[in-house]
Amino acid sequence: MNQARTLAEKVWDRHVVRKGEGQEPDLLYIDLHLVHEVTSPQAFDGLRLAGRPVRRPDLTIATEDHNVPTKDVHLPIADEVSRTQVETLRRNCAEFGVDLYPMNHAEQGIVHIIGPQLGLTQPGMTVVCGDSHTSTHGAFGAMAFGIGTSEVEHVLATQTLPLKPFRTMAINVNSADGTLRPGVTSKDVVLAIIAKIGTGGGQGYVLEYRGNVIENLSMEARMTICNMSIEAGARAGMIAPDQVTYDFVEGRDHAPKGAEWDAAVADWTTLRTDEGATFDAEVDIDGDELTPFVTWGTNPGQGLPLGADVPDPAAIVDENERAAAERALEYMGLDAGMPLREVRVDTVFVGSCTNGRIEDLRAAAEVIDGRTLAEGVRMLVVPGSMRVRFQAEDEGLDKVFTAAGAEWRSAGCSMCLGMNPDQLAPGERSASTSNRNFEGRQGKGGRTHLVSPVVAAATAVRGTLSSPEDLD
Amino acid sequence: MDAISTHTGIGVPLRRSNVDTDQIIPAVYLKRVTRTGFEDGLFAAWRQHPDFILNTEPFSRGSVLVAGPDFGTGSSREHAVWALMDYGFRVVIAARFGDIFRGNSAKGGLVAAQCEQHDVELLWKLLENEPGTEVTVDLQERTVQAKDLTFAFQIDDYTRWRLLEGLDDIGLTLRHEADITTFEASRPAWLPVTTPVG
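Residue numbers (our numbering), protein chains in the order written: chain A, 615 to 1086; chain B, 27 to 224.
To be clear, the hints were calculated from the coordinates, so they are not data collected in a lab.
Heads up, a few of these hints could be off.
To be verified - One side of the interface only, derived from the structure: several residues of chain B facing chain A at Cβ under 8 Å:
| # | residue |
| --- | --- |
| 1 | Arg61 |
| 2 | Lys133 |
| 3 | Asp195 |
| 4 | Phe209 |
| 5 | Leu217 |
| 6 | Pro222 |
| 7 | Val223 |
Claimed, not checked - The list that follows gives simulated cross-link-like pairs (lysine-lysine, PhoX-like), each with its CA atoms no further than 20 Å apart:
| # | chain 1 | residue 1 | chain 2 | residue 2 |
| --- | --- | --- | --- | --- |
| 8 | A | Lys778 | A | Lys633 |
| 9 | A | Lys1058 | B | Lys57 |
| 10 | B | Lys133 | A | Lys778 |
For every residue, glycine included, the Cβ atom is placed at its ideal position computed from N, Cα and C.
Kindly produce the complete structure, drawing on both the sequences and the hints.
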């Protein structure tokens, strides 16, 4: 094929089992299926009813993350629905021969943290999971997207999915020398992207993040960006693999070894958008203009630089957006014109599949080291996986957090979505490194400001939304 | 999914329009971890009333639901189809259906037979005057027949073919299993498997 193609098109093409005719979708092969306790029970039950096996248990891996408590993890789960879901997953995995990393296992963690950490996520693969943040794995140049329960059953039974091709959008992030200003992280980059294109801007697209700023980011920082592609409405986000990617994958448990490694890397180097390939849409972001970003409203697109004021809905021209902003400010308990830096928070949450990796914890610990939490502020630090937890403890990060007055927890999704006991009380306000500031997401009536790990840490110290440069 | 060509069963006249999926099965029943056993959630609010039609004989044994227009609107929950089928319904006859519900019906093997409201009215009268009347739905001929009453219904060719063949989405994909196996043989050897490393 001589036609110039984008990265997304290349990965798609190499997974087509059967090309659809006319209006029929393509049948796409799935290289890796991640499973957790919330979206899988009916899928397994469907298999049972139809008498079907899991076609490729060796391409399927399960863990417990959404429901699990993050303290007293040696005790039975107190909440009945949560316990039932976790126990059902254990029974299903045993019956269908799927490997499972349960609570208290050294490999347990959030699905999107453990895939990369085990070396299961590799360039050029197709990765699915019954969870919208599956887009995380696109940071490796994989095509990774969330699916519904019927589709989970479909992949379990056939290791394929019938899909119509996505459109492609390039997000070009460049700065003069390829770096970001001090205190500006990949979380700020992605929040700025979502604020620019809107929560529906990526609908129907696979985003490809490109440009010198992206190229200079670590793998973990790239994962944070791809993770939030779904918050811009996109099905997936991707970054072309390069030496940073290979260095991250090499030596991990499931990474290719020896001659296979060389063959794999030789193949991965072809996974770039060809010169002359065209995207269906392009967006440019000026990396030199980016500053720490926070959300003020109730969707991830309602974000502004930390130095800004709470926006005045009256100044918004679009009627729907104005109404949404009015409603958001009412829910958030904020007044137009108030400097964001003066917004006082009750709780700080560091964790989630967006920002629960070791680099995130290191960055937060560096800011908080030797300082103490502002009076009345509680801070939860929840590692994304048990491995992240152990590594942080080896580095003494847990001591840094607890010395400051923060709580050091076990691995799980935790307060990102409050399916376990880690929740906000009605009216309680958080600065959170997670991915969604929807009404009630972190607990009924809870108010969420999405922030980077360093802003979270600085906020915990000052008690109001802050960046590290605000600390003396 | 079981193939279905014709179905005969007791018709149940449900004289209501805009029966949304929250009415078919309330959200509180969605927390379950199974694909079966949703029959107790079917029309749960309405079944609290002793005179609701499914609480009366012989309608409690019905398998062909005859409803007012716009059946299955609202929430996308697949549980609405599961609840109807778990209860024992195989066919719903109505003048209009919610789009997502119609799609979910095809996935689950429930026949959503669309016909003229005029015919629904005639069938309602027949079923109310002679409770327990059996209704035969012929998917080959696309006809509904009860006593002397016969009328046509609409269903798209693709869905009809799938129901006649008993093919769900997975069944359809498995028709191409040979292609999947061929594809698997061509995958690069370095791709990972999830089996824990010793």
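Comparing the hints with the structure gives:
1. Arg61: 4 Å, holds
2. Lys133: 7 Å, holds
3. Asp195: 6 Å, holds
4. Phe209: Since the shortest Cβ distance to chain A is 5 Å, the answer is holds.
5. Leu217: 6 Å, holds
6. Pro222: Where the cut-off is 8 Å and the nearest Cβ of chain A is about 6 Å from B/Pro222, the hint holds.
7. Val223: 4 Å, holds
8. A/Lys778 / A/Lys633: 10 Å, holds
9. A/Lys1058 / B/Lys57: It holds: about 18 Å lies between the C-alpha atoms, which stays within 20 Å.
10. B/Lys133 / A/Lys778: Given pair B/Lys133, A/Lys778 holds - Cα atoms ~18 Å apart, limit 20 Å.
In this structure, every one of the numbered hints holds.
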